[in-house]
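**Student:** Here are the chains, one letter per residue:
Number of protein chains: 2
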Amino acid sequence: MNIRFTNVKILTMEPGREIFDGELHVKDDRIVYVGPTVQEAVDPVWDREIDGEGNLLMPGFKNAHAHSGMTFLRSYADDLPLHEWLNDRVFPMEAKLTPEMIYHLTKLAILEYLTSGITAAADMYLTPDTIARAAADCGFRMVLVGAVNDFSQSVEEMERCYEVYNHYHPLVSYQLGFHAEYTTGRERLEAIADLAARKKAPVFTHNSETKAEVEGCIERNGMTPTVYLEKLGMFRYGGGGYHCVHMSPEDLDIFAEHSLYAITNPASNLKLASGIAPVEEFLQRGIPVAIGTDGPASNNCLDMFREMFLVTALAKYRENDASAVDAGKVLRMAAVGGAGSMGLSDCDILAAGKQADLILIDLHQPNMQPINHIVKNLVYSGSKSNVALTMIAGKILYERGSFFIGEDPEAIYAKANEITRRLGDAQ
Amino acid sequence: MNIRFTNVKILTMEPGREIFDGELHVKDDRIVYVGPTVQEAVDPVWDREIDGEGNLLMPGFKNAHAHSGMTFLRSYADDLPLHEWLNDRVFPMEAKLTPEMIYHLTKLAILEYLTSGITAAADMYLTPDTIARAAADCGFRMVLVGAVNDFSQSVEEMERCYEVYNHYHPLVSYQLGFHAEYTTGRERLEAIADLAARKKAPVFTHNSETKAEVEGCIERNGMTPTVYLEKLGMFRYGGGGYHCVHMSPEDLDIFAEHSLYAITNPASNLKLASGIAPVEEFLQRGIPVAIGTDGPASNNCLDMFREMFLVTALAKYRENDASAVDAGKVLRMAAVGGAGSMGLSDCDILAAGKQADLILIDLHQPNMQPINHIVKNLVYSGSKSNVALTMIAGKILYERGSFFIGEDPEAIYAKANEITRRLGDAQ
Numbered sequence: 001m002n003i004r005f006t007n008v009k010i011l012t013m014e015p016g017r018e019i020f021d022g023e024l025h026v027k028d029d030r031i032v033y034v035g036p037t038v039q040e041a042v043d044p045v046w047d048r049e050i051d052g053e054g055n056l057l058m059p060g061f062k063n064a065h066a067h068s069g070m071t072f073l074r075s076y077a078d079d080l081p082l083h084e085w086l087n088d089r090v091f092p093m094e095a096k097l098t099p100e101m102i103y104h105l106t107k108l109a110i111l112e113y114l115t116s117g118i119t120a121a122a123d124m125y126l127t128p129d130t131i132a133r134a135a136a137d138c139g140f141r142m143v144l145v146g147a148v149n150d151f152s153q154s155v156e157e158m159e160r161c162y163e164v165y166n167h168y169h170p171l172v173s174y175q176l177g178f179h180a181e182y183t184t185g186r187e188r189l190e191a192i193a194d195l196a197a198r199k200k201a202p203v204f205t206h207n208s209e210t211k212a213e214v215e216g217c218i219e220r221n222g223m224t225p226t227v228y229l230e231k232l233g234m235f236r237y238g239g240g241g242y243h244c245v246h247m248s249p250e251d252l253d254i255f256a257e258h259s260l261y262a263i264t265n266p267a268s269n270l271k272l273a274s275g276i277a278p279v280e281e282f283l284q285r286g287i288p289v290a291i292g293t294d295g296p297a298s299n300n301c302l303d304m305f306r307e308m309f310l311v312t313a314l315a316k317y318r319e320n321d322a323s324a325v326d327a328g329k330v331l332r333m334a335a336v337g338g339a340g341s342m343g344l345s346d347c348d349i350l351a352a353g354k355q356a357d358l359i360l361i362d363l364h365q366p367n368m369q370p371i372n373h374i375v376k377n378l379v380y381s382g383s384k385s386n387v388a389l390t391m392i393a394g395k396i397l398y399e400r401g402s403f404f405i406g407e408d409p410e411a412i413y414a415k416a417n418e419i420t421r422r423l424g425d426a427q
Numbered sequence: 001m002n003i004r005f006t007n008v009k010i011l012t013m014e015p016g017r018e019i020f021d022g023e024l025h026v027k028d029d030r031i032v033y034v035g036p037t038v039q040e041a042v043d044p045v046w047d048r049e050i051d052g053e054g055n056l057l058m059p060g061f062k063n064a065h066a067h068s069g070m071t072f073l074r075s076y077a078d079d080l081p082l083h084e085w086l087n088d089r090v091f092p093m094e095a096k097l098t099p100e101m102i103y104h105l106t107k108l109a110i111l112e113y114l115t116s117g118i119t120a121a122a123d124m125y126l127t128p129d130t131i132a133r134a135a136a137d138c139g140f141r142m143v144l145v146g147a148v149n150d151f152s153q154s155v156e157e158m159e160r161c162y163e164v165y166n167h168y169h170p171l172v173s174y175q176l177g178f179h180a181e182y183t184t185g186r187e188r189l190e191a192i193a194d195l196a197a198r199k200k201a202p203v204f205t206h207n208s209e210t211k212a213e214v215e216g217c218i219e220r221n222g223m224t225p226t227v228y229l230e231k232l233g234m235f236r237y238g239g240g241g242y243h244c245v246h247m248s249p250e251d252l253d254i255f256a257e258h259s260l261y262a263i264t265n266p267a268s269n270l271k272l273a274s275g276i277a278p279v280e281e282f283l284q285r286g287i288p289v290a291i292g293t294d295g296p297a298s299n300n301c302l303d304m305f306r307e308m309f310l311v312t313a314l315a316k317y318r319e320n321d322a323s324a325v326d327a328g329k330v331l332r333m334a335a336v337g338g339a340g341s342m343g344l345s346d347c348d349i350l351a352a353g354k355q356a357d358l359i360l361i362d363l364h365q366p367n368m369q370p371i372n373h374i375v376k377n378l379v380y381s382g383s384k385s386n387v388a389l390t391m392i393a394g395k396i397l398y399e400r401g402s403f404f405i406g407e408d409p410e411a412i413y414a415k416a417n418e419i420t421r422r423l424g425d426a427q
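Protein chains in written order, with our numbering: chain H, 1 to 427; chain W, 1 to 427.
These are computed hints drawn from the structure, not numbers from a lab.
Among the hints, a few may not be true.
One copy or any two copies: either way a pair holds, since identical chains are not told apart in the list.
Distance condition first, Cα-Cα at most 25 angstroms in a straight line; then the derived DMTMM-like pairs of lysine to aspartate or glutamate [unchecked claim]:
| hint | residue 1 | residue 2 |
| --- | --- | --- |
| 1 | Lys415 | Asp51 |
| 2 | Lys200 | Asp137 |
| 3 | Lys395 | Asp150 |
| 4 | Lys395 | Asp29 |
| 5 | Lys200 | Glu319 |
| 6 | Lys27 | Glu84 |
| 7 | Lys9 | Asp28 |
| 8 | Lys211 | Glu157 |
| 9 | Lys211 | Asp326 |
| 10 | Lys211 | Glu319 |
| 11 | Lys9 | Asp425 |
| 12 | Lys415 | Asp21 |
| 13 | Lys96 | Asp321 |
| 14 | Lys27 | Glu159 |
| 15 | Lys9 | Asp408 |
| 16 | Lys415 | Asp194 |
| 17 | Lys9 | Glu418 |
| 18 | Lys27 | Asp362 |
| 19 | Lys395 | Glu94 |
| 20 | Lys27 | Glu280 |
| 21 | Lys211 | Glu280 |
| 22 | Lys96 | Asp129 |
| 23 | Lys9 | Glu410 |
With the rest of the complex left out, here is chain H (with noise of 0.2 angstroms):
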């Protein structure tokens, strides 16, 4: 398909360049054009011209850390202590799930980061092979990473998913990693370790969560994760953390020695009372910052605009500063950061020879007016409400309410209430 998008705002997130009036051109998954508005007849024959009535196409977000699956889980056991929480109401039903499950649940995930202005996911959930066949169903982009631990998922297995992910579809990618210091004995993370190394690639896990974690692993080990995991030699080719809440000063600057990505998770880290990251002092030390929403059945919700405000509001009480971490660094940890952690190079920005990963913002909207500042707009007042239009690779699949995804969300609705329903009468 070849689309062009005229009459629009363009943010496309290179550094410095400020928003301007133009129009952009897809050409199958890419963007060819980007720039001012073009007065000559333009080739090739369009498909389908959209008129952007002065709205803001910008790069999609891309969530840097969820469990997509757990869609069923949403607003099922919440209002409870974590441990109970988890043992008692999590991983029970987990345990229930079969792979063919997840490919639908997932698809219930897809849906609603397609109306969030959300055009990747870095997916760390149990069945990569109906997790990656759910996201080329869709025509979705999907991160697949390793979840390797003590009780699912070895690193032979990994390591299989690793050379078949990294070549099943254009839009499915895998990187290793592992659940946590906490659920990984010694010997398998330094198998995973070794296999980083074989592969030259990056490592990511859940890092300094609760204060409980970190305490568990210096009891363990005599340090904190973040140390622990260096010293076993896990971030030679780099990675990141998820969560990253309660991060020491030797923690931090090895994340920043090595540019180890804070993937941060503001709203489940408040829900689940974890804590506040310490995004201003990532910043300060020249972290690489991503954002993440995190698993449907902590968050609840998968919408990038909620943790975008979260970011910054929380920073902002954290520091005790109403100057901390602006909606500018916000923004770009949202859209370039989470393409940066999770290694999508050609997806960061609009510019041409890029992937056609985008959204349209509708700015005809009250919460978005008066257009005193576009970027601030976004980041304090944006909401879900203002995607007009999600692309992926070139293929709109979401625009105005409606979903092309090549299946009814009825009936994908349908299926995960069923699925639900079948997982707690099993209990």
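Knowing the structure of chain H, use the given hints to seat chain W on it.
**Tutor:** This is chain W only, laid out in the frame that chain H set:
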């Protein structure tokens, strides 16, 4: 207009009543029937029958604290320290506002309220006359609140407004209020307390929003704002405090004793680095709670869904307990608590004889699926994108993205942008 909603789930918010399937009838400005589906023929002839498609009808949200007309300052001066923000940006711009400007700027806020299912707002701002007119012209329910302080609005002027705006229009009412202890001298406060006694009326004010405010009051008066105002006899007939972030045990006792409303504004309190209100403590002491967005200069959006999530998520973080302030309690604050604080006893629940102030929530969207628990879905993953219809006093003012307030929203946006430019140029 007589309107019949069929095929809806109904959350009346009467204490203890579960969601049920049924229908609801509106005649003129009131609800005349809420109950199970009616099988026989139903009088009267309907101007409109709305098939709710299994979606949820519930009472509208009440924005219990706002400065609606401050829309012109949205995204104008964020990411600045509070002092600089207020003195160098907000006050100079506000000094140039005319009553007519506030009329148009308030209309912009009303559009946004409608998109978020907000059916009434308590508005403390500069020009009650044009705010009342904006509300009446749009069909929006507005509770004007006195904004007396040493620099604008006298107690005599407030008494006049109290008389006038409690008999001006069915959708408009007026409550006594003053800006804050730190902007209002003792003599004036005593005059307000005297007026409240004469009118047997509650009084509302900003209370203990920042640590500096409380410390300043203790320095000036030897006691906290709450204790000081109570000793002046301010709360003999009730009322409430906006923000209530930094409250002593004695302050909480006074709020409980007089059943004063704690009106919490979590987004604003984070963004301006003011702190987190002790909402769990309010509930444990039986203090009634309502939720406000505060003004668009400090929030910056007027969205009850974001506020609801923040109320519970911040309580969980503050108490270090993921079970604090559950979803049901938050939803009650947003719909029923607000009606209580704003004196709207006819707009709190869905029942025959009550005002038809209600919203239709679209459950057929991915963030509301699966349907494990609708109330939790609303609070934890709900969004303004789920608001399918907003009705005030029996009139549909917003439906699926379209507004019915007697003026084209594009004209309101244009006006707001023009005013903002004019004010900016005048700086």
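**Student:** To test your reading of the hints: which numbers does this structure violate?
**Tutor:** As far as the earlier hints go, 2, 3, 5, 6, 8, 13, 14, 16, 19 and 20 are violated by this structure, in ascending order.
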